[in-house]
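Novice: Below are the chains, spelled out letter by letter.
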Amino acid sequence: MKILIVDDFSTMRRIIKNLLRDLGFTNTTDADDGTTALPMLQSGSFDFLVTDWNMPGMTGIDLLKAVRADPKLASLPVLMVTAEQKREQIIEAAQAGVNGYIVKPFTAITLKEKIDKIFERIEGGDS
Amino acid sequence: MIEMNETDNENLQLAKKYIELLESGNRQEADDVLAELTDIRESQLFNELGKLTRDFHETLNAFNSDDRITALAEDEIPDAKERLNYVIQKTDDAAHKTLNAIETVLPMCESLEKSLSGLGSEWDKFLAKEMKPQEFRDLTGDIKSFFDSSGGELNVVKSNLTEILMAQDFQDITGQIIKRVITLVAEVEKSLVELVKLGGKIRLPKDQQDQGKTQGQAAADETGVLEGPQIPGMETGSAVGGQDDVDELLSSLGF
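Line by line, the protein sequences are chains Y and W. The C-terminal residue of the first sequence carries number 126 in numbering that gives the first Met the number 0, and the numbering is unbroken. The C-terminal residue of the second sequence carries number 254 in numbering that gives the first Met the number 0, and the numbering is unbroken.
Only chain W is shown next, with the shape it has when bound in the complex:
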């Protein structure tokens, strides 16, 4: 049997009484009982409506005064746009640095290759004893100048390769920035879901609502702990301005 609360019980008693009165033909009293039943139902409805209105009002107020949302709209979204622009700039720089280095190195490799194959065929001629003394003297001169120039060229190749290597550091910096923006987007998404819930009056069980809130707060708290990469033009107050400042600070600490 379904468990009944006090109101249900009362309703049942009244309903039974109503049927009894109808059956005994006591129409007047039956109407009174029906009126009483209707009253109960109406007052319940009013109570529910009142509760809903109050919930709605409170949630709306809470939403309006939520500092996180204000901060998101006023500071963090524009801030994220700056960060993402910086990501574009970093990847653009890295791509150009890499392409420049390659464009310098490729012609060098080609000329090294050409010199090598020229010297190779001369050397073959020498080994085949088809070389005149004057040609041999020219060859030794060519070999000497190849030694002189190729060392320098290989150094340029090596330093350009290091430059290409270092250009890849954009991935770490931009990765950290994008991770932060993803956290922000997730937070905006959560706020939007709350707004939709508010509009559609979707009411989640209480414990689920609380869980959502603590997760959001944890994310907000977490972003406060580590600053991550500094974006030029939007450095945070207590951040130092690069390696020289770090060195200075450390040496002031006795390093």
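With the rest of the complex left out, here is chain Y:
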């Protein structure tokens, strides 16, 4: 399971990376915004994407849209971890095809729950 973590704050990338390692996901890479992340996704064989929303360069929502628009990446599970929590934004992310949405600040348990739920759905052929 290869995971890409995208956030413009390096502390948050490290936190997510450590939490994921705790959950047994040891193969993680990170990027600081969508512009850097998209080519990495396109050239690497990532199985999961965790992204922030508000980033300079390319935002997380634009990255999500770009992923869904790319035939090779369209089915990549995407978990959004962001401080943005306006109703319209959550709806926009849902419509753009996000698989999970976590608002900051979050707990290790929330991260585990959302990831478990995403994989349950994928394994259940629901996604």
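To be clear, the hints were calculated from the coordinates, so they are not data collected in a lab. Errors might be hidden in some of the hints.
Unchecked claim - Derived lysine-lysine pairs resembling BS3-like cross-links, with alpha carbons at most 25 Å apart:
#, chain 1, residue 1, chain 2, residue 2
1, Y, Lys116, Y, Lys16
2, Y, Lys85, W, Lys89
3, W, Lys178, W, Lys80
4, Y, Lys16, W, Lys157
5, W, Lys89, Y, Lys16
6, W, Lys128, W, Lys143
7, W, Lys157, W, Lys96
8, W, Lys96, Y, Lys16
9, Y, Lys16, Y, Lys64
10, Y, Lys111, W, Lys89
11, W, Lys157, Y, Lys111
12, Y, Lys85, W, Lys80
13, W, Lys143, W, Lys131
14, W, Lys113, W, Lys124
15, W, Lys113, W, Lys128
16, W, Lys96, Y, Lys111
17, W, Lys178, Y, Lys85
To be verified - Now the stretches of chain Y that chain W is said to cover, found in silico as 3 or more residues with beta-carbon under 8 Å:
#, segment
18, 2 to 14
19, 17 to 29
20, 77 to 86
21, 105 to 111
Said to hold, decoys possible - Sample of chain Y residues with no beta-carbon within 12 Å of chain W, all distances over it, derived:
#, residue
22, Pro38
23, Gln41
24, Ser42
25, Ser44
26, Ala65
27, Asp69
28, Leu72
29, Ser74
Quick caveat: nothing in here was measured; it's all calculated off a predicted structure. Glycine included, every Cβ here is placed at the ideal spot set by N, Cα and C.
Assemble the complex: chain Y is given as a structure, and chain W must be docked to it using the hints.
Specialist: Just chain W now, kept in the frame of chain Y:
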């Protein structure tokens, strides 16, 4: 040769005429021409002064009715103060959470270390065949109870380390808030510069003025796009109240 406009030309003609009249000793007519020259100069000065006054008046009016400045003074500066207070609170929480976790874990590490070194020297004694049967029975009991307790203690260490890890999330949240306040400060700075310009009547070339304005507006527009972290007690109207509300909203959308 310096290019002359119409007024300059007229002035030159009059000046030449004035010299001619003086040279020919026609003092009366020369005085008339000088008066005419002075009139032109005065009316130019009045025009300039009039223009300046109008500019000043218009800028002053524009400044007074600038909604951004009103918004900055009435809402955004107090709002920024709240945000910065929240930053203090978040960093304070994070520091205490980290220190608490460390204070719980350190004595545990110390007691683990002590038990280990005690067991180690007993084990050495056993290997050196200097141990009586009863001492060996005691040692196996000690080892068993060490196994039982150390596992639990290591779990506490691990969960406290995770807590320390999670406490670092303040940096992301406070970083986003401080970035917003910096944008605000930059905008206030720009308004102050405009005020100083107004007071000192420093007049920049027109294109430079326009450039400043569009940059300021772009910054103001940008802050409207993304709300960023919610500050407790000052949540925006359409923001949801945390992870549970997000989950509820998403499940209502069929998630």
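Novice: Go through the numbered hints given earlier and state which of them the structure violates, listing their numbers in rising order.
Specialist: none
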